[in-house]
Amino acid sequence: MIKNKKSVDFRDIDANALDLYYITLPDDDERLEAELDQIKTSHNFKSRLNPRTTLSNLFKSDLGGDGMHLIIIKALLLPAGATKPPVAVPDTVLNCWVRGQQIHQIFRVETSTTKTVGDLRKVTKNKTPVDFGDVDADHLTLYKFIHPFDGSLENALRNLTLSQLEKHLWAVHTLSAVFELPPVEGCLRLIVSMWHL
Numbered sequence: 001m002i003k004n005k006k007s008v009d010f011r012d013i014d015a016n017a018l019d020l021y022y023i024t025l026p027d028d029d030e031r032l033e034a035e036l037d038q039i040k041t042s043h044n045f046k047s048r049l050n051p052r053t054t055l056s057n058l059f060k061s062d063l064g065g066d067g068m069h070l071i072i073i074k075a076l077l078l079p080a081g082a083t084k085p086p087v088a089v090p091d092t093v094l095n096c097w098v099r100g101q102q103i104h105q106i107f108r109v110e111t112s113t114t115k116t117v118g119d120l121r122k123v124t125k126n127k128t129p130v131d132f133g134d135v136d137a138d139h140l141t142l143y144k145f146i147h148p149f150d151g152s153l154e155n156a157l158r159n160l161t162l163s164q165l166e167k168h169l170w171a172v173h174t175l176s177a178v179f180e181l182p183p184v185e186g187c188l189r190l191i192v193s194m195w196h197l
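Position 134 (the sequence shown) corresponds to 134 in the UniProt record's numbering; numbering is contiguous.
It is possible that some hints are incorrect.
[Claimed, not checked] 25 Å max Cα-Cα, derived SDA-like pairs, lysine to any residue:
#1 K125 x G151
#2 K122 x Q105
#3 K125 x S56
#4 K122 x D136
#5 K144 x S56
#6 K125 x A171
#7 K122 x N155
#8 K127 x T54
#9 K167 x F149
#10 K122 x S193
#11 K122 x T111
#12 K122 x D150
#13 K125 x T174
[Unchecked claim] Derived Cβ-Cβ restraints for the label pairs, each shown as a range:
#14 Q105 x S163: 42 to 52 Å
#15 N155 x D131: 19 to 29 Å
#16 K167 x T54: 47 to 57 Å
#17 E35 x N126: 43 to 53 Å
#18 D19 x G100: 43 to 53 Å
#19 W170 x Q105: 44 to 54 Å
#20 I146 x D19: 43 to 53 Å
#21 G186 x V89: 16 to 26 Å
#22 A137 x R31: 22 to 32 Å
#23 T114 x D150: 44 to 54 Å
#24 N159 x A137: 45 to 55 Å
#25 A177 x S56: 14 to 24 Å
#26 D136 x T114: 41 to 51 Å
Treat the hints as calculated values from the structure; they're not laboratory data. Note that beta-carbon positions come from the ideal geometry of N, C-alpha and C, so glycine has one too.
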């Protein structure tokens, strides 16, 4: 919530890299400013909050109007000169079909060719969270399957067996090594199989 509220300030910092500290300070402008200045220079934070602490337990005490509750946020910044890894920008679209489903349930997944097949498993699971709600991403087996969207596709999928498919895709392979670039337009490109199918 704090990261989303200050999305610009914390855009390069993960939410779990924010340390939160609880303090109470006087509800008086001059005293409050002096206390905050001292905190800025001392960096002496003692009451680091446990992520499991509920807010109702934290703010249950009545300060009687003489003080205020404050949360201090300390961001764990990257060392000078360090950079975060670049964010992979989606540059390809895969039309996917889950084995056993109807043909009209084919869906599209946007991803980056710099990602791995293992990454694609996670994206695929997140794309259809209800269907894969009880299935871990690493229990999804992916097969490359190129077939145009024409009148023969439905019969091809209905009669398809795993023995007719190429060997399943290995999690460590990058998508650029698996799929032709530029991508084949207007084709089903990926078949997803769950471990129990």
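We went through each hint and held it up to the structure:
1. K125 x G151: Violated, at roughly 28 Å.
2. K122 x Q105: With a Cα-Cα distance of about 18 Å, the restraint between K122 and Q105 holds, given a limit of 25 Å.
3. K125 x S56: Outside the cut-off at roughly 35 Å; violated.
4. K122 x D136: holds, 9 Å
5. K144 x S56: This hinted pair is violated, its Cα atoms lying about 51 Å apart.
6. K125 x A171: holds, 14 Å
7. K122 x N155: violated, 29 Å
8. K127 x T54: At roughly 32 Å apart (the allowed maximum being 25 Å), T54 and K127 break the hint.
9. K167 x F149: Given that 25 Å is the threshold and the Cα spacing comes to 22 Å, the pair holds.
10. K122 x S193: holds, 14 Å
11. K122 x T111: holds, 11 Å
12. K122 x D150: violated, 29 Å
13. K125 x T174: holds, 18 Å
14. Q105 x S163: 42 to 52 Å: violated, 23 Å
15. N155 x D131: 19 to 29 Å: holds, 23 Å
16. K167 x T54: 47 to 57 Å: Given about 50 Å between the Cβ atoms, the range holds.
17. E35 x N126: 43 to 53 Å: Cβ of E35 to Cβ of N126: about 45 Å, so the range 43 to 53 Å holds.
18. D19 x G100: 43 to 53 Å: Taking Cβ atoms as reference, D19 and G100 lie about 47 Å apart, which means the hint holds.
19. W170 x Q105: 44 to 54 Å: Roughly 26 Å apart at Cβ, these two residues miss the hinted range, so it is violated.
20. I146 x D19: 43 to 53 Å: For D19 against I146, whose Cβ atoms are near 49 Å apart, the range 43 to 53 Å holds.
21. G186 x V89: 16 to 26 Å: Since G186 and V89 have Cβ atoms about 23 Å apart, the given range 16 to 26 Å holds.
22. A137 x R31: 22 to 32 Å: violated, 53 Å
23. T114 x D150: 44 to 54 Å: violated, 31 Å
24. N159 x A137: 45 to 55 Å: violated, 28 Å
25. A177 x S56: 14 to 24 Å: Since the Cβ atoms of A177 and S56 sit about 52 Å apart, the hinted range of 14 to 24 Å is violated.
26. D136 x T114: 41 to 51 Å: Violated - the Cβ-Cβ distance for D136 and T114, about 24 Å, lies outside 41 to 51 Å.
Of the numbered hints given earlier, the model fails hints 1, 3, 5, 7, 8, 12, 14, 19, 22, 23, 24, 25, 26; all others are met.
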